[in-house]
Amino acid sequence: MITLGIETATQVVSVAVGGDDGVRGLVEITQGRRHAETLVPAIEFVCRHAQIAVTDIGAIGVDIGPGLFTGMRVGIATAKSMAYALQVPVVGVSSLDLLAHPLRHSAKVIATVIDARKGEVFYAFFLATPGGVQRVSEPVACSVDDFNADVMARGQDVLAVGDGAHRYREEFDGGIEVADLAHPSVASLVTLARARALRSDVDDLRIEDVQPMYLRAPDAVINWRTR
Amino acid sequence: MTTSARSSRPRGPIDESTVVLGIETSCDETAASIVMGGNDVLSSVVSTSIEQHVPFGGVVPEIASRAHVELIVPVIQQAITEAGIAEARIDAVAATVGPGLIGALLVGVAAAKSLALVWDVPFVGVNHLEAHLYAGLLEDPGLEFPLVVLLVSGGHTMLVEMRGPGEYRLLGETIDDAAGEAFDKVARFLGLGYPGGPAIDRESRFGDPTAIAFPRAIPDSLDFSFSGVKTSVINHVRKHPDVVTADVAASFQTAVVDSLVAKARRAAREVGAKGLALGGGVAANSLLRDRWVQACAEDGIRAFVPSRAMCTDNAAMIAAAGWHRLGSDGPTSLDAGAHPGLRLTMDR
Ligand SMILES: [Zn+2]
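Chains as they are written, first to last, in the working numbering: chain B, 12 to 238; chain F, 204 to 551.
Calculated from the structure, these hints are not laboratory results.
Please read these numbers as outputs of a predicted model, since none were measured by experiment.
Fair warning: there could be bad hints in the mix.
Straight-line distance between alpha carbons at most 25 Å, and here's what the computed SDA-like set of lysine to any residue pairs gives [as the list claims (entries may be wrong)]:
1) Lys442(F) x Asp380(F)
2) Lys129(B) x Ile266(F)
3) Lys129(B) x Ala193(B)
4) Lys129(B) x Gly503(F)
5) Lys388(F) x Thr377(F)
6) Lys442(F) x Ile233(B)
7) Lys388(F) x Ala193(B)
8) Lys129(B) x Lys388(F)
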């Protein structure tokens with residue numbers, strides 16, 4: 012089954028198509044920051060050069076965040092619309108899960124940390140399990156200090172990953188190692204989405220169930236609640 | 204298997220049988236519509252997140268964008284179902300590319316380009332303001348040119364001469380607040396709630412429109428100004444705290460409508476227009492609609508007052524404008540983005 016992966020929740024726009032034999036094509040634009048302009052042409056390009064007709068796509072995976080709100084929405088609106096037009100299942104995968112996936116052989120606790128701007132990070136903890144990773148905390152948005160305190164409370168060695176880990180590494184307490192990986196991998200997305208699509212009943216992967224993971228209310232709502 | 208570069212060619216000539224799916228997400232309405240031949244509206248679905256914005260007294264962009272992502276596919280699906288056509292019958296997908304809220308626009312643009320890619324049909328980027336001009340033609344394809352259109356909404360107040368489809372010239376616009384903005388601000392000041400247009404319209408029914416003579420600022424041009432009348436309302440109420448709110452609302456509404464109608468009539472005379480058309484959310488105002496018809500009757504020209512559903516934001520006007528644009532300019536590239544500050548390209 013041909014699976015399309017769409018990753019636009021960070022500054023990077025990446026898309027990949029894969030089949031039974033793994034990833035067949037991947038396009039990644041790291042500096043463009045023009046998600047809406049780039050995404051659909053990138054999908055068209057990667058399919059064409061991987062010799063896959065768009066209509067042969069059998070499942071779509073999309074990064075649902077947390078991350079950059081506008082970028083996430085462009086990716087999710089594209090994934091949902093394509094899934095609707097193709098009549099295929101769509102699988103939403105959190106960027107926190109995507110970041111943890113390549114570290115699935117780590118002996119340490121994995122902390123995926125995404126830059127949430129305004130001095131905050133989105134993060135969650137994961138543990139390696141046979142064949143993957145398992146999230147062991149609720150994803151949250153909070154300050155770097157709160158993250159440090161959370162790590163301290165766990166009393167375990169932590170391997171941090173993500174653009175938030177890179178940005179705030181100087182402010183992290185000792186005992187937190189930072190891995191190289193900064194952005195979710197669209198190849199991981201294709202693998203995870205494809206596995207879930209094959210495993211699930213098609214009726215369980217409905218378009219309306221794919222929702223952005225914001226982890227933060229709109230500023231207007233926050234200001235209104237606290238006034 | 205498709206291995207050649209996509210040409211996004213139209214399926215055939217652009218004619219009366221060409222079916223366009225229109226998508227509109229520039230503000231708080233998520234809308235989709237199927238229009239055949241540029242004026243045959245097969246369906247028009249509008250879903251609004253306005254209820255969520257009421258506590259804030261105005262549209263909150265982040266809330267609007269979140270609602271669009273949730274609503275976009277169900278609204279498109281409903282438009283296609285209500286039109287009773289197969290998806291394969293859709294020849295092009297048009298979406299608003301501006302002006303509007305950037306995060307909101309991008310949801311509709313992303314959806315439209317995705318559908319165009321999968322269905323292998325052209326994508327057409329549409330200017331929201333131009334689409335409002337087509338809203339009149341949608342309900343009355345027999346309208347004769349030249350036509351003067353008053354486009355009046357929460358974001359815009361402009362007089363446009365339309366010499367034909369796609370041919371227009373800006374005659375005048377507001378130099379400060381848009382008329383709808385003035386309605387919102389005065390309604391908030393009077394404690395009538397949000398959105399202000401319908402609130403003022405309702406309250407005015409119980410008031411005396413001649414109670415207070417608010418200024419009809421008429422600079423010597425076809426431009427509008429509403430900040431003066433807004434300030435007068437505030438000063439008047441502060442000076443006369445016991446004034447009847449309905450009288451203030453009715454007098455304010457009359458002042459605004461008087462200046463809108465007076466400028467439109469003058470514009471129609473200056474360009475020798477055969478008709479006067481209304482468009483935009485404020486065109487749903489009862490007094491404006493009545494005065495419009497009355498003024499045209501006196502001047503012996505055609506009045507065109509679209510249905511309220513066609514005045515406020517909708518996707519049928521996007522599909523109609525998209526049909527015209529596809530015919531005149533062809534498809535828009537799939538690497539198009541959104542343009543929040545887009546203007547109606549025209550000379551003055
Ligand atoms: Zn509008």
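Each hint, compared with the structure:
| no. | hint | result |
| --- | --- | --- |
| 1 | Lys442(F) x Asp380(F) | holds (24 Å) |
| 2 | Lys129(B) x Ile266(F) | holds (19 Å) |
| 3 | Lys129(B) x Ala193(B) | holds (19 Å) |
| 4 | Lys129(B) x Gly503(F) | violated (61 Å) |
| 5 | Lys388(F) x Thr377(F) | holds (16 Å) |
| 6 | Lys442(F) x Ile233(B) | violated (36 Å) |
| 7 | Lys388(F) x Ala193(B) | violated (46 Å) |
| 8 | Lys129(B) x Lys388(F) | violated (31 Å) |
This entry does not satisfy hints 4, 6, 7 and 8, going by the numbered hints stated previously.
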